[in-house]
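S.K.: Spelled out from the first residue to the last, the chains are:
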Amino acid sequence: MVIADPSFAPHSDYTGPAIQLRRLHRSFGRTRAVHDVSFEVEAGQVFGYIGPNGAGKTTSMRILATLELPTYGDALVDGLSCITDPDLVRKRMGFMPDGFGTYPNMNCVEYLDFFARAYGLVGPVRQRAVHRTLSFTGLDKIASKSIRGLSKGMRQRLSLGRAMVHDPKILILDEPANGLDPRARIELRALIRRLAAEGKAILVSSHILTELAEMCDRVGIIERGQLLAVGTVDEIQQGSKAALSVAIQTNQDNANLVSFLTTRSNISEVFERGSIVYCELTGGENDQTELLRDLVQAGIPVKSFSASQRSLEDVFMQITTGAVQ
Amino acid sequence: MSDIAVDSLVPSSLNGRDEDPIHTETVRNLIDGTLRSDQWLIRASDWFSPILVKEVRQALKSRQFNWTLVLLMIFIAIWTGFAISSMMPGIYYFPAGGTLLFGYFFLLLVPTIIVVPNSAYRSMASELEQGTFDVLTITPLSPLKIVLGKLAVAMVQSMIFFSALAPCMALSYLLRGVPIIGVGVVLGWTALFSLLTSSIGILLATGNRNRAFGTFLSIVMILICFVSCFILYIIYFENTGPYASNNTEELFVSLAGGVIVIGYTTVLLLAASAAIGVTGENYSTRIRWCVLFLGWIWAIVIVIGIVAFANQGASYRTLDEEPFVALAVVLAIHWGLIGTFLVAERGVTSPRAQRRLPDSLLGRVFLSWLNPGSGTGYIFSITSFAGCIGGLLFGIFSRFNASTEMIDAAIQCLMLLAYLVIYVGLTRLVLVLLDFFPKLIGNRMVMAPCFGVLFLLIGVVTPFLLSGFWNGTGVPNYEWYSVINPFWTISVYKFPDISSLLLLIVLSVIVFGLNFASLGRDVTMVRVEAPPRVREETASPAETAPESPFQDII
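Going down the list, the sequences are from chains A and B.
Okay, so the first sequence: first residue is 1242 according to my numbering, each after it adds one.
Okay, so the second sequence: first residue is 549 according to my numbering, each after it adds one.
Source of the hints: derived by calculation from the structure; they are not laboratory data.
Model, not experiment: these values are computed from the prediction.
Ideal Cβ positions, reconstructed from N, Cα and C, are used throughout, including at glycine.
Be a bit skeptical, because a hint or two may be false.
[Said to hold, decoys possible] Derived lysine-lysine pairs resembling BS3-like cross-links, with alpha carbons at most 27 Å apart:
| # | chain 1 | residue 1 | chain 2 | residue 2 |
| --- | --- | --- | --- | --- |
| 1 | A | K1382 | A | K1393 |
| 2 | B | K609 | B | K693 |
| 3 | B | K693 | A | K1382 |
| 4 | B | K609 | A | K1386 |
| 5 | B | K1042 | A | K1393 |
[Unchecked claim] Listed next, with one range per pair, are the computed distances between beta-carbon atoms:
| # | chain 1 | residue 1 | chain 2 | residue 2 | range |
| --- | --- | --- | --- | --- | --- |
| 6 | B | S690 | A | K1382 | 20 to 26 Å |
| 7 | B | N758 | A | E1455 | 39 to 45 Å |
| 8 | B | G679 | A | D1328 | 17 to 23 Å |
| 9 | A | R1263 | B | R1075 | 21 to 27 Å |
| 10 | A | G1270 | B | R1083 | 36 to 42 Å |
| 11 | A | Y1313 | B | F761 | 29 to 35 Å |
| 12 | A | Y1313 | B | N991 | 22 to 28 Å |
| 13 | B | G679 | A | E1455 | 26 to 32 Å |
| 14 | B | L1005 | A | G1270 | 30 to 36 Å |
| 15 | B | P715 | A | D1328 | 17 to 23 Å |
Make the full structure from the sequences, and use the hints.
M.R.: The following block contains the structure:
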């Protein structure tokens, strides 16, 4: 389904990154909520913003949404500064905050109609935008239902609908899957992918890393206000110190195997669980082959050998320390 | 909605082949007509503020509004029945409109001065409390549009309550004993006070950042509503009571008062929009234009009032100076208050706001004082007051002969200017000093009036204490140091004593000099060019405009 309505989408010849954070800093007293964060998101990309609670995700997103001012640095949306030209930025950006305040005595269609009006959509253009948003988010069946009576999932859909009712080029979604049941999460993921397929740049934060790994083209890992890693999921997985998780089983006592592994420079975190020895291997497929060859040459009777790429969760756990400020 | 097919709305039983086709057609036309009227209304609503449309939808569904309206109607009916039956049969022979109107007036005050302003307060406060304000802020709606939308909703509700009472007002007029002009004036003032208190409510609500302070603000709001009711009660008796004259003088006062109330309402709304706006944006310049305009309105009203109505002296060409000085004091209070808030500004001007700074030499000389900043605010309030006083004196002296009393009045005006320079200047200097200790200073907009009042209190009380202490009599005498008490000095001043005037001038020159020396960055900011990307963006074609709701008719 096509959401874009050329009659009201803002046009420009700008071809640069849709979102740019340039050395962004934000401090609250002595707390450095965001410290020297820079990254870019291109049109049509979904960028996952990962970090523990209090890492600075929401602050960065609020700066991009023109709700906060940075202490230093700049945030650009479609080439326009969120600091100096927030009014121009707001027309082309949709923001879905973590919390979702509702208005009493309003139903879904009135809610979307209000925001469509607020974004300057008039007449039939507004009516089409509201209908399409309702249809896209699957809220058309409950359009006249009071917002207060909506489930959490439906509210999240409505919030997404509000963020996209004016067909923005850029969507900033702060924990959109928070509190959703598995089905609603899968549906939301599909919605986000469809929006990206339409050429929208989407910045999404989430705690559910497996979901982000499936949904995002690129991810950034932030902790204590600092960006620790940026790239595609593969790049981050390969770029981490230990790219592969190896499980080895032998026909004899594992003591020899453990002592062999601990002497190797590209192996870390060796431990036994049952009859299987696990370790982290730094490097690629060649290192994996080399390890197996060396094990056999060392006379260790390998019964099974498996290596798997580390998940985003593993990488996240390795990169971050869990420290809060 | 336009996309809805009319056929889908026709009951299925009427779409059947066996039904009477004429009846089906009638129903279809009826629904089609309704949709057309809906379409017309939807198109017309494009011309209104989105906030107004949203809040009217909400208000019409809200229990509070509906219950208020229903209760108002019930009480009107009860009062009408009770008042008429209790005055029977005398009502046929004696004027009874006044008694009825009195009840209607009080019934009108409850919804328009208490319920509506509090709803406006709650409407804005709940946006901040419930987290809906963030999503509202990121829309292209400007803070002023948001504030005006909230006020418009309050006024729509007020108008509904007014219209509910309009037939009753007409009834009380028909029962005689009620001056029609007086009723009009009272209704006008009630509408204005509804506007003013709603604006105060919206402004107060912008300060609602936590529950405890919100409760305090709610109480303040209720107090303001009751004070407004009390003022309206006085206005009611002045205009419809037994001593109501409704002469030209009273009408002039009402008209002038109305203009001034509207002016202050505008300032309150601009201040509210600044309070919810983005930091760094320039909200100050338009507030300054507005208060400048309001200051001149005050001055013009005073001149016209004095020339036309003031208690003139023995000769037509001489003037009693007391009302003139009293009104000049009102002007000084206006600029003193404005100045106190303006010196609290930080003067943080974003690069975006700097794009609109005056560029030419003349522009920089004359318009820089309208730029945000503590120093520019100080100079602006001082020069504006000086200008207003100058205009005032010119107007009076060109009309009346110069007498000793008039010279007294002129010098007292000059003293008022000196006091403004000193007290607003001292407030600013303290704030400038506190900038070096950021942890000591909280909200400057709260601190500035506190310091202003503190300095004024010190100025008023100290001479009394010193005089009592040194003389030992307990009866204070006016001494040279009493010059720091503005009220005492102005009330005892008589020409040709110039010692206190000279002392005041010396003090004011010192304070002004210190303030002028610390203007700093406020006046050195220069215009910056917009980046190419912004220029490209602002040069792109205009957005879609609303269609005229009358396009099918015209």
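S.K.: Checking each numbered hint in turn, tell me which of them this model violates, lowest number first.
M.R.: 3, 5, 6 and 15
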